[in-house]
Structures are given as C-alpha cells and as structure tokens.
Amino acid sequence: MALKNAKVPILGFAAYSGTGKTTLLEQLIPILKAQGLRIGLIKHSHHNFQIDQPGKDSFRLREAGASPVMLVSSHRRAIITEFQEVKVTNLDEELLVFNQAGLDLILVEGFKDTQFPKIELHRPSLNKPLLYPNDPSIIAVATDAPLVAPNKLIQLDLNQPELIANFIAQQFMGLT
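27 is the number of the first residue of the sequence shown in the working numbering; add one for each residue after it.
Keep in mind the hints are simulated off the structure, nothing from the lab.
Possibly wrong hints are sitting among the right ones.
Using C-beta positions, here's what the derived DEER-type ranges look like [as the list claims (entries may be wrong)]:
(1) P162 - L122: 24 to 30 Å
(2) R103 - S71: 15 to 21 Å
(3) V98 - Q186: 35 to 41 Å
(4) S93 - D118: 18 to 24 Å
The beta-carbon is built from N, C-alpha and C at its ideal position, and this holds for glycine as well.
Work the whole structure out from these sequences, hints included.
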C-alpha cells in the first residue's frame with residue numbers, strides 16, 4: 027500500500043519496544059537538520075495519552091466536549107482532536123491532517139505493520155525476532171551486532187547515528 031497522502035518522503039523506524047527508537051531519533055534529527063533537511067515526525071502510540079494536563083483550561087474545555095482544541099502560544103501550536111470512537115490508527119489518514127508544507131522528510135516512529143520504507147532497529151540481546159523477513163518495506167537494519175542477512179539488506183551500526191543519518195541523506199533522500 028502506498029501512502030497516497032504523503033507529499034514528501036516518509037521513512038519509518040520499526041522495532042520492538044525498548045530497542046531505542048526514540049533515543050536514535052533524538053540523535054538523528056539534529057544531524058539531519060545540520061545537513062539542511064527540514065524534519066517532521068509522527069510517533070505512533072498504543073496508549074491513551076494525554077497531551078494536556080488535568081486542571082488546565084485546555085483539558086477542562088476538551089473534557090467539556092470541544093474537539094478539536096487548539097493551544098497556541100508564541101512558541102508552538104498543538105491541536106487535540108478526540109476520535110468519536112476508539113479506532114485503529116492509519117498512517118495515510120493521519121498524513122491528511124499533518125502539515126507537510128516546508129518539510130523535506132517525515133520520520134515515523136511506529137506503524138510497523140504499515141507498508142512504507144523503514145529502517146528496522148534490532149538488538150540481538152533483547153531476544154526478539156527480526157522484522158525484515160516478513161516486511162519487504164524494510165530497507166535497512168540498524169543493529170548493535172553483525173547479522174547474517176541477505177546481501178541486498180543494508181546493515182547499519184545502531185551505535186553510529188552519524189552513519190545512519192548519512193545513509194538517510196545519501197541513499198534514501200538521494201542528496202550528495
């Protein structure tokens with residue numbers, strides 16, 4: 027399935043919980059920005075998260091039934107939309123409401139079951155199975171130990187974010 031609502035390249039990071047997706051992204055984003063890329067991010071959560079805090083005006087107004095609720099300051103904007111019913115999230119649908127203007131690349135944490143280009147993060151010490159054998163959209167594996175894998179599958183050192191960023195910029199984005 028292609029992401030028909032993607033207006034810029036989308037690259038995902040797929041792994042089991044505890045592998046270090048957020049930590050790696052935290053390291054990659056400043057490196058990619060220093061290379062001149064404007065980065066957006068979508069993070070999938072399996073939890074019922076709260077972005078605003080109980081007792082705050084925005085929380086109280088959302089709890090009263092307003093949806094969407096937009097919080098705006100001189101520094102940032104957040105839009106909170108309640109779904110009418112609990113639903114399975116769909117990355118392509120979320121891209122419809124994600125402002126892609128001015129971006130060069132959207133990084134996605136999660137949505138590992140959706141077919142779009144992804145880098146798998148794998149730590150053999152966690153004793154979790156590899157995802158790439160069952161996911162043809164995985165374009166590389168970032169690991170902290172060498173893997174026996176097909177030659178066509180690019181292996182990256184999970185502990186070398188600069189090299190992963192160079193792979194993203196050069197191989198995935200085609201920048202020189």
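Evaluation of the provided hints:
Checked against the given bound of 24 to 30 Å, the beta carbons of P162 and L122, roughly 25 Å apart, stay inside it. For R103 and S71, the hinted distance range of 15 to 21 Å is satisfied, since their beta carbons lie about 20 Å from each other. For V98 and Q186, the Cβ-Cβ distance of about 39 Å falls inside the hinted range of 35 to 41 Å, so the restraint holds. A beta carbon spacing of about 22 Å between S93 and D118 agrees with the range 18 to 24 Å that was offered as a hint.
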